[in-house]
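**Q** If you read the protein sequences in the order shown, they are chains U and A. Mapped onto the numbering used here, the consecutive letters of the first sequence carry residue numbers 1 to 629. Mapped onto the numbering used here, the consecutive letters of the second sequence carry residue numbers 1 to 303.
Treat the hints loosely; a few may be bogus.
Unchecked claim - Derived, one-sided and incomplete: chain U residues facing chain A with beta-carbon distance under 7 Å:
no., residue
1, Gln66
2, Leu78
3, Lys146
4, Phe151
5, Thr155
6, Pro157
7, Val158
8, Val627
What the hints assert, rightly or not - What follows is a set of in silico ranges between Cβ atoms, one per label pair, in the way DEER data are often shown:
no., chain 1, residue 1, chain 2, residue 2, range
9, A, Ser121, U, Ser270, 55 to 61 Å
10, A, Arg144, U, Arg43, 34 to 40 Å
11, A, Gly152, U, Ala62, 36 to 42 Å
12, A, Val32, U, Gly567, 36 to 42 Å
13, U, Asp583, A, Val32, 50 to 56 Å
14, U, Leu96, A, Arg144, 27 to 33 Å
15, U, Glu626, A, Gln131, 55 to 61 Å
16, A, Arg144, U, Glu626, 30 to 36 Å
17, A, Arg126, U, Thr524, 58 to 64 Å
18, A, Ser150, U, Ala18, 41 to 47 Å
To be verified - Using 25 Å as the maximum straight-line C-alpha spacing, the simulated SDA-like pairs for lysine to any residue come out as follows:
no., chain 1, residue 1, chain 2, residue 2
19, U, Lys629, A, Pro53
20, A, Lys143, U, Asn624
21, A, Lys36, U, Asn624
22, U, Lys81, A, Gln145
23, U, Lys86, U, Gly48
24, U, Lys86, A, Lys143
25, A, Lys36, U, Gly48
26, U, Lys146, A, Glu108
27, U, Lys629, A, Asn54
28, U, Lys629, A, Leu138
29, U, Lys629, A, Gly74
30, A, Lys143, U, Gly48
31, U, Lys148, A, Ile285
32, U, Lys146, A, Gly74
These aren't lab readings, by the way, just hints derived from the structure by calculation. Please read all numbers here as calculations on a predicted model, not as lab measurements. Cβ coordinates follow ideal geometry from the N, Cα and C atoms, glycine included.
The residues making up each chain are set out below.
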Amino acid sequence: MVIEHPVLPFLQWLPRAAGIWVGALAVLIIVSMLVGFGFIILRNGPSGVFSRFWTGLKNGLADMFQMSWQRIWAIARLIMKESIRKKVIVVCAVFLVILMFAGWFLDPESTDPARLYLSFVLSTTSYLVLLLALFLSALSLPADFKNKTIFTIVTKPVRPSEIVLGRILGLTIIGSGILVIMAIASYFFVSFSLSHTHVVIQNEDIFPVASSGTTSSNAVIAAGETRLANGHKHKIEEYADGSFFVQEVNNHTHSIVRSGDADDPKYTVSNEHGTIQAKVPLYGSIRFRNATEFERTAGINVGEEWDYRTYIEGASSEAIIWTFENLNPKRFSDGVPIEMNISVYRTHKGNIEKTIMGALLVRNPRTGLTAAIENFNSEKYTTKALFIPRTIDRSKVERTPRLVKIYGEESTYSRPDFSYDPEKETYDLFEDFMDDGKIEIWLTCLDSGQYFGAAEHDLYVYARNANVFVNFLKGYFGIWQEMVILISFGVLFSTFLSGPVAMVSTFGVLIAAFCKELFMQIATGQTLGGGLAESMVRLVNHENMMSDLPNTVASSLIKFFDMITSGFLLYLGLAIPSFADFDIYSNSLASGFDISWNTIAVHAVRTISYVVPLFIVGYLILRNREVAK
Amino acid sequence: MTSESKAPESTVVVQTKNLTKIYRDFWGRQKVRALKALDLDIRKGEVFGLLGPNGSGKTTTIKLLLGLLFPTSGSVTILGCPAGDVTKNERIGYLPEESYLYRFLNAEETLDFYGRLFPMSAAVRRQRVSQLISMVGLESARKRQLREYSKGMTRRIGLAQALINDPDLILLDEPTSGLDPIGTRNMKDLILELKAQGKTVIMSSHLLADVQDVCDRIGILYQGELKELGRVEDLLKINAETEIRAEGLSEEAKEKIRKIIAEDNSQLLYCDHPTSSLEDLFLNIISESEARPGKRVRGGGTD
């Protein structure tokens with residue numbers, strides 16, 4: 001799974017993020033105070049400005065800190081009732097209808113059906129829920145203004161802050177309810193759609209194997225293939241002890257039970273398992289060793305536009321090194337299962353059928369003791385599973401240490417503390433290769449002229465499986481967070497804009513949030529073809545993006561305009577969340593990874609950090625708005 | 001200005017000083033001067049009527065009192081608080097011009113919702129809800145959504161929501177509009193009942209008969225200016241005239257009376273200032289205001 005923006009550990013992330021947030025909030029408060037100050041002068045003239053300001057400040061603090069949960073809840077209840085009476089539940093019905101028809105178009109025979117189905121339900125849910133959140137949040141308060149029902153609210157002892165917060169709360173609860181319904185419907189849809197079994201009949205699909213004379217329990221007594229179902233078959237083998245081997249196809253296997261007489265056995269194939277997974281990965285930190293054995297933070301750039309992965313050259317001293325610090329010998333008492341997605345870059349085709357060979361090694365980070373665990377065939381776009389056994393045979397251990405030199409520190413690394421013991425028969429993974437809790441896993445490419453590429457999260461230790469249903473719900477939490485942020489924006493806009501305008505503005509935020517990266521590139525002038533006005537001119541004139549505009553007064557004006565707007569866009573962009581960050585939820589779910597609680601904690605705090613200032617701004621606007629105008 | 005005697009501060013429930021509201025357009029240009037320098041004292045326990053033709057500033061005044069609008073200049077003190085203070089609303093009930101209520105709620109839910117906005121216990125709230133529903137006579141419709149209500153019913157539930165907190169000060173904007181004669185009668189009785197309970201009522205209306213029947217004092221607004229302020233009976237007195245009523249007088253007697261009056265030496269059966277109807281007064285003020293804009297017509301009533 002590609003993770004371009006890894007989530008830091010919560011406690012490591014929090015102090016810095018909290019610092020930035022508090023700073024931004026302080027700026028917000030200072031700006032709103034200045035605006036308030038200007039407002040007072042504009043409205044009442046300079047006399048008595050300080051006493052008015054003080055009164056306003058006192059009221060503001062009261063509105064923030066003397067909110068009544070009873071009133072907030074009353075408003076939230078009202079909003080929920082409104083949504084329910086206006087039949088938002090129809091959205092769920094629409095969703096169910098979409099699921100019904102989706103069954104016609106989604107192909108369970110594809111090679112990764114789980115990803116296909118999960119991506120589909122996730123994106124459909126997210127579109128529907130976000131659109132619903134957009135409509136509800138942007139139209140609710142303006143409707144109150146239009147119908148003047150707001151008159152009967154603000155003439156009760158209700159604070160503007162309670163109106164804004166009650167709305168955000170009520171809409172969030174309604175949206176959450178709908179999201180939960182959709183999540184559960186999706187789960188059953190995906191499970192049932194992918195659920196299948198195969199038929200296996202004696203002497204038609206599975207045939208007895210002539211006895212080789214051995215009587216060991218793992219001798220194969222029958223072999224064959226299952227019948228076709230969902231577009232695939234599994235190779236199967238029956239062992240003497242009654243157990244079965246079932247080949248893994250499309251990320252799943254089945255279990256088989258044999259019953260009936262010895263002469264006329266019946267084979268019962270279970271439903272598939274493993275289609276939807278929740279693998280818990282443990283990640284290490286990556287670094288590279290270059291051809292002269294020096295440590296680098298990145299490998300070779302082979303000229304790919306996407307610089308997520310960097311490369312090492314085959315048949316050289318280059319290596320990709322992952323350092324794992326969190327391997328618990330108790331948990332991995334038999335050994336460490338590894339999975340990886342390695343990218344291959346070929347400088348010459350050679351035999352295109354033949355895969356590029358690689359080697360997996362473990363190394364003690366202090367002594368440099370290295371063991372070559374396994375050579376493997378790289379397959380692009382597939383996840384390669386390897387296993388590092390706990391006990392490593394002497395034959396695999398290298399006699400000389402492998403070095404990783406650091407510039408300026410050559411002397412300390414030239415002679416690692418290492419002695420090869422020729423008497424030692426076997427080596428223990430944790431005793432001999434782990435030092436200070438750290439263990440290094442090396443990847444090298446064996447074919448000369450070919451390259452392996454990887455990023456930090458391309459190799460991980462497959463620690464365990466988490467609960468699939470819980471993980472499914474966690475995946476929907478990403479959509480929930482987007483929804484809450486969108487609701488907050490919608491409510492904010494609806495405090496001062498009419499319904500349709502608030503809706504369009506919220507929609508704008510939604511688009512910008514989905515394309516925040518592009519937005520920021522435009523704001524910082526990194527895109528080709530200039531800023532807003534310049535690219536518009538190029539568009540109209542059918543000009544290319546590369547050549548400079550002619551040196552005229554008009555183009556200087558255009559560039560000046562772009563300079564002003566890009567500054568404005570930059571500040572706007574900083575306030576906009578990046579929904580691409582929430583992709584980690586749908587990606588993890590679709591790729592079969594467990595979503596860590598750490599990710600959830602970080603994103604939950606981030607969501608709150610958006611809701612709070614949006615709420616404050618919404619409150620300030622509503623408070624200073626003439627309700628009856 | 002009116003020559004009102006100063007009331008003790010404690011009994012003044014609403015006080016406006018130089019209250020002015022100018023509506024501006026987007027560019028800040030003056031559109032309408034909705035209210036000009038209004039000075040008003042409304043005392044505890046009285047029923048005060050704001051009278052004026054459409055667009056005279058009655059509703060603007062009420063909205064300014066409630067803080068729904070911000071004054072362009074001047075100030076409002078209501079129950080001892082500035083208009084922008086939300087805590088004052090705990091003791092205020094407001095019936096808007098039209099009943100702006102949530103049409104997807106039923107009567108019970110409506111009152112329950114508004115009740116929740118006040119610091120009162122659930123038991124008290126439930127009790128007030130059923131009490132008010134029976135007071136406004138909507139028992140049979142308590143479970144029906146307001147979207148199905150007739151205008152009169154909506155008006156009544158609107159009144160019930162204004163009274164949910166047992167307010168000390170009640171502002172009624174056009175309370176009788178849309179009501180049939182019986183409904184109007186009930187509304188007036190209710191206002192008088194509220195008065196009897198010692199509550200202060202401020203109502204606006206352009207229906208003169210309503211105001212005449214229930215109000216202790218009235219203020220007549222025209223084009224944003226207060227044209228008249230005083231006790232209803234005082235305002236309707238015509239000081240320059242005398243009314244004589246007698247029974248069974250012959251033509252000679254009438255002639256005599258005229259003589260007697262001329263000599264000012266006789267016993268009158270009835271002699272008092274005649275009262276015009278409020279309608280006459282109202283139309284008179286309006287027409288004089290139009291003839292001489294900006295000038296106050298009379299010196300104002302006295303208490």
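**Q** So, for every hint listed, does it hold in this structure?
**A** Hint-by-hint comparison with the structure:
no.	hint	in the structure
1	Gln66	violated, 9 Å
2	Leu78	holds, 6 Å
3	Lys146	violated, 10 Å
4	Phe151	holds, 5 Å
5	Thr155	holds, 4 Å
6	Pro157	holds, 4 Å
7	Val158	holds, 5 Å
8	Val627	holds, 5 Å
9	A:Ser121 x U:Ser270: 55 to 61 Å	holds, 59 Å
10	A:Arg144 x U:Arg43: 34 to 40 Å	violated, 45 Å
11	A:Gly152 x U:Ala62: 36 to 42 Å	holds, 40 Å
12	A:Val32 x U:Gly567: 36 to 42 Å	holds, 39 Å
13	U:Asp583 x A:Val32: 50 to 56 Å	holds, 53 Å
14	U:Leu96 x A:Arg144: 27 to 33 Å	holds, 31 Å
15	U:Glu626 x A:Gln131: 55 to 61 Å	violated, 34 Å
16	A:Arg144 x U:Glu626: 30 to 36 Å	holds, 34 Å
17	A:Arg126 x U:Thr524: 58 to 64 Å	holds, 60 Å
18	A:Ser150 x U:Ala18: 41 to 47 Å	violated, 57 Å
19	U:Lys629 x A:Pro53	holds, 20 Å
20	A:Lys143 x U:Asn624	violated, 37 Å
21	A:Lys36 x U:Asn624	holds, 23 Å
22	U:Lys81 x A:Gln145	holds, 12 Å
23	U:Lys86 x U:Gly48	violated, 48 Å
24	U:Lys86 x A:Lys143	holds, 18 Å
25	A:Lys36 x U:Gly48	holds, 22 Å
26	U:Lys146 x A:Glu108	holds, 24 Å
27	U:Lys629 x A:Asn54	holds, 17 Å
28	U:Lys629 x A:Leu138	violated, 32 Å
29	U:Lys629 x A:Gly74	holds, 18 Å
30	A:Lys143 x U:Gly48	violated, 52 Å
31	U:Lys148 x A:Ile285	violated, 33 Å
32	U:Lys146 x A:Gly74	violated, 28 Å
In this structure, the earlier hints numbered 1, 3, 10, 15, 18, 20, 23, 28, 30, 31 and 32 are contradicted, and the remaining ones agree with it.
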